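Trainee: Chain by chain, the residues run as shown.
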Amino acid sequence: MSSHNESILREPLITGKDITYAKITDDILLPVENKPNKAWWIGFTVAALGAMLWVVSVGYTFWTGIGAWGLNKTVGWAWDITDFVWWVGIGHAGTLISAVLLIFRQNWRNSINRSAEAMTIFAVICAATYVVAHMGRPWLAYWIFPLPNQFGSLWVNFNSPLVWDAFAISTYFTVSLVFWYCGLLPDIASVRDRASGVKKRVYSILSFGWNGSVKTWQRFEIVSLILAGISTPLVLSVHTIVSMDFATSVIPGWHTTIFPPYFVAGAIFSGFAMVQTLLLVLRKVMNFEDYITMFHIEAMNKIIMTTGSIVGIAYLTELFIAWYSGSEYEMYAFANRVAGPYAWAYWAMMTCNVISPQLFWFKKIRTSIPISWVLSIVVNIGMWFERFVIIVTSLHRDYLPSSWAMFYPTWVDVGIFVGSIGLFFTLFLLFLRFLPGIAIAEVKLLLKSSSLQHKTKLVKEGAFPEEQVEYFRDSLEKYDSVTESDIKALHQK
Amino acid sequence: MESNKKYWKGLEELNQTPAFVEGSKSEFAEPIPVEDVLNEAGLSTKTPRRDFLKALGFGLGAVTLAACNRTPIHKAVPYVIKPEEVTPGIPNFYASSFNGQSIIVRTREGRPISLEANPNAIGLNQGTDSATTASVLDLYDMSKLQNPQIGGKDVEWAKLDQAVVDALNKAQSAGKQITIVSNTINSPSSLAAIAALATKYPSTQHVQVDAVSYSGIIEANRASFGKAVIPSYHFDKAQVVVSVAADFLGTWLAGEEHTQDYIKNRDHKSLKGGKMSRHIQFESGLSMTGSNADVRIAIKPSEEGAVLISLYNAITGQSVAGGTNHAKAKTAIALAAKELVNARGTSVVVSGSNDTNVQALTNAINTALGAYGSIIDLDNFSKQHQGSDSSFQSFLSAAKAGQVGVAIFWNTNPVYDYFKVDDVKAAIAKVDYTVSFSDRADETASELKAIATNSTYLESWGDASAKEGLFTIVQPTINPVFNTRQAEQSLINWAGVNKPIHDFVKENWEANILAGTGKAWKDVLQQGFIYKGSATGSAYTANVDVNAAAAAIATDAKRIAGGVELKVYESPNIRDGRWANNAYLQELPDPVSKVTWDNFAAINPADAEELGVKETGKVTVEANGYKVDLPVLLQPGQARGTVSVAVGYGRTKVGKAGNNVGVNAYPFASLVNGTIQFSAKASVSKASGIYELAQTQTHHTIEGRNIIRETSFANYLKDPNSESGRFSDTHQTYDLWNKFEQPGHRWVMAIDLNACTGCGACIVACNVENNVPVVGRDEVRRRREMHWLRIDRYYTLNAGDSKLTKEKEIAKADGLDYEDVTVVYQPMLCQHCEHAPCETVCPVLATVHSSEGLNHMAYNRCFGTRYCANNCPYKVRRFNWFNYWNDSRFDNYLNNEFTQLVLNPDVTTRSRGVMEKCSMCIQRIQAGKLQAKVENRKVKDGDIHMACQAACSANAIIFGDANDPESEVSKALRNERIYYVLEEINVQPNIGYMTKVRNTFEA
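Residue numbers (the working numbering), protein chains in the order written: chain Z, 1496 to 1988; chain A, -18 to 984.
Hints in this document: simulated from the structure, not taken from any laboratory.
There could be a bad hint or two in this list.
[Stated by the list, open to error] Pair by pair, the computed Cβ-Cβ distance ranges are: (1) A/Ser869 - Z/Ile1805: 51 to 61 Å; (2) Z/Tyr1676 - A/Pro886: 47 to 57 Å; (3) A/Ser869 - Z/Ile1872: 35 to 45 Å; (4) Z/Tyr1903 - A/Asp922: 45 to 55 Å; (5) A/Val888 - Z/Ile1537: 56 to 66 Å; (6) A/Ser869 - Z/Val1550: 18 to 28 Å; (7) A/Gly670 - Z/Ile1805: 45 to 55 Å.
Here the structure is a predicted model, which means the values were calculated and not measured.
Cβ atoms here follow ideal geometry from the backbone N, Cα and C, with glycine treated the same way.
The whole structure should be built from the sequences, with the hints applied where relevant.
Mentor: This is the structure:
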């Protein structure tokens, strides 16, 4: 490693002084090896209450029937599928970070991939609950799979996007889980090595006998790469298929070829926003500021801005094509979105998804933690509305005006959605409590190349020209984890 | 000789090896360690570790088997001795009649499940109205009494008979009158039963009173012609029809019969012949008839008489004072009069008024038009409405004076439907003994001393004579289910005629009806009816003092005019309130307003704006001293300054489904010049509170879409293709899918938009046939009604020359008076698309296409993703949001084993979470095909009827095999007017619609 130094122009991915491999392990395992603090308990209590609301709402639905929701003869899907698509979309950032960024050797992913992947898995779990819960007869959910059966030649309909969906989501979940768990193995082994008693036993089993030999590490690298390769197409395919639920239909507002790229961009957009929401809190509460730095925050904000702009262009394209198509139904569907009874939802979507990310053109905003956090939530509100607009406003007024109807949610609709957020956070908080929230082994890789400490050392050795060091110093100003003295240290030769 | 041959099984046996000898001693070749198992070791309690798996396996297996549900026990009682005529699975058909209409009742395993018009009958033979079709449910109504009652307690029949006979004898000896108060009774045997009672008790009187009275017509005809009858109207002979506030296709006199006749001059067959009648309607509220008119002028109730006076003047050239000043009406009258006169002999004017003078004036007009003897038949007169308001008045005063000893109430409910309930109650209190023939403890019956619980017509022997000369039979299709007895049997028992009612009816027929016809009782039971009337009526001339009538009309108009004018009308579904407990009818949307489960105050949207009331608002309506809060309905087409309220609602003691649905509007009525009048001067004010009406359609314009195609008759004559705009004529379509062979049948439908009046009888027929659940008001509010077939109704607002069909345009237009609307109805059901969007998206192939062009639904396979419903461009798929059959929250009528007997056993009920939709009565198609197969022939056109088609009196629905080029439907689909709804999205629907043609003035 030392034979090849990273350019000083690159911003550091780890800040702080006197960072050693041991310190990294200590820092990251702090929440795992100690009793949870008050913040965790408060969060967990709130989340668990939410999860209980979810259990109650879903239980009530199963007990009485889908009629507990606000759906009707015209609007057959509303909050259920809105929430489903929302959660699936959120999951996408995790896969993008862990797989695509790995393949492109974006090292900054190393400190955020673990939580992002966990987020993916929990988001897909939340999404999958809707797949089952929205069915009229959920006890028959397994019929979606082409299982051999005693009913003769009963088979699934391979023309139906819902079948594709079932395959896409289940594949996605499996691959994400395996990828995540493989990545966890060395870190679980670290926990094991430092633990004692029952804990040691449990982590010992969970670590699959990881022994840290060179061969193990080599295989680990290969498996990671293979799984990244498998996951990469999923980033595109899963939401493409989800979008086909709509795109292959005949309903104006759904029947559109732009959906696959538009949905994928939207998924990454919302996923990064969710990662941002989680990590900004996480780094503060868990004292991970040195590992999840301003560079990460800014990088993610840039992605949010880019994908937000793509989504915005997609919205405008849709409007243009609706007009350009000359189809009265298509034109009406979009006029109805913009100015119909659900126009408030459309404009909420437009404001949150198209206008708000544009604020990230300003560096000040991009590097402001409170604003980033607020905007990340705004984006996810906007993305929820996007799915609501697509699903409900298209359905509620389609071809025959006689069937036009409004959709009003019931407490169960709201309960399941709020509850699913509770479920998500319950799982996420448990994850933080029992597994390392940052990939220890992968972060350690960065210590001798991309850390501020290492770069400071190189600067002191005079390895870089002064103007580059100057540039480097300037770039550190935005870091909230870099002190004045850290920057001053870069002056001393 | 005994054979010594011996067969050996192997060389071992032949050689008798020692091993063989040893082995052959025991039964099994390998020794079985029975002893080991049974000895101490085998039965010891020791459980070696390796037995764990065995134990676990056995335990799990045994527990699993034990946990399996016992096969559910279905209570099915087979026939011990099978009745000869009943074959399980095969329906039986019996001729009967309902409300005087000859019908065929279908029974399965002894229980009636549906009924249809008798196709061979005279008069109304094509369809049934919604009440007729729904009446089968009344048999299974759990709200009925199961025993006769005295003082609200169940008693034995003998005890009740004793009490009644004692009372009758007492009245007889006290010289008090015995009165039977009934609604119109035209049944010869019922009348004979009354006569039998009158023979025994000579002071017996029979008073007929109808809640919605037509006394005015009877009285007018008595004065004009000396014939106190209501004539029959033959609209099939009418080329020009002017109706002043008569809902003659719906509630007025015999709506269903009128529909059948009226449509004959307007449907595709008539249009093919280049003929179409013209219909001009003057009315205040938008009735179903008005919505079908070519020209409709909104007038206030007080202007009805004036319009008729103007019309009289315009037709006869006279100048009777009191004509209308309504500008639009005047123009229309001038044009209408010209048309009427030109079509003399084939033109008619009808008036919905119950005022004697108005009807007298109408008689004068029709005399001038030569309608008597051609369209109006006074010889074969109608006997369906004989109620007399004045004779009920005299009954009330006699009763109040204590002159009535016994009062028997039969099919009448004055405590609910008379405008002065207190008067009725006071009168009843003064009667010594009161009996009801009600089947339930309704508002009146519960006030009376005894209830001689009546059986329904499906359990009774009887007859009817809806028209002079027409006699229809009522024969029971099931034994009385409860301990009930039909009223006629009670009457003859009390009269001391001790014979079964069957014999009584039969003897009455043989003596009075069949005599001289050469027909026997059995023939009648088979045919269901007999007609002895003359072929056509003869001409009559009305003797009317027009000036006097006009003066009286002008006086009466003053009673109503000034302020807001109230029009109380009969709802086409619930009618006078008699069917209020019929859940099918409560959930049948009103044809025009699409409201279910409620009545409402219909006011013009412009008036509503002035009042400051919005949709879901409420208003207080006060008239004739009666004040009530009603939910408001913004009704386009309603005359400005008027409010319409339907009677038949607000019942309190009718049963589970109908209690407290809506508000009673009868107290708004008043007695004027001896007849009940339903118009009044009213005041309407905004009331507090919100109330959401359960409407099945909440968007009322077509938004300029070409789903409805319509043209004028003049344009049609120039080019029959006018406006049909078939997409396939101008566009080439490309298919993604392979074409499938459909070598056998291809079941399709054609719907004539010109024939459909929007009445909704088809919806009820579909409900009954296909076990479509009733979901109740709350679920309809949530837009979850389950109807497989619905009738879409769209308004076009006419503002000057422009026709507004878009919500936005209407919102923008200033100063709209919302009076001038045109209405179109479109029956909408599963279109059985060849490229059905629902089929491709179902993940589990629960909905698939048949080789006969049908879109099937496999309920068992459906797990309820609702994707198909979302992707249906026609939104005809219905989802079972709850277990509507078996959920106490939706207990409108069906959640008991008894009422469930009404279900059609050929159609499965659908559980919660399953999608359903029109199956094109697949069970009927199957039955028709099997019948043909049994008879070793091909299915003939007309063998199979859809339930909706069979109910449609207007013949608007044509069903058949498109692969048979000579079938009715194939011919209809070759009609120039045929178009397919949404054909441009290439789903290839199998149901063709014929353009709506209007015979408007402008054209």
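Trainee: Name the hints, by number, that the structure is in violation of.
Mentor: none
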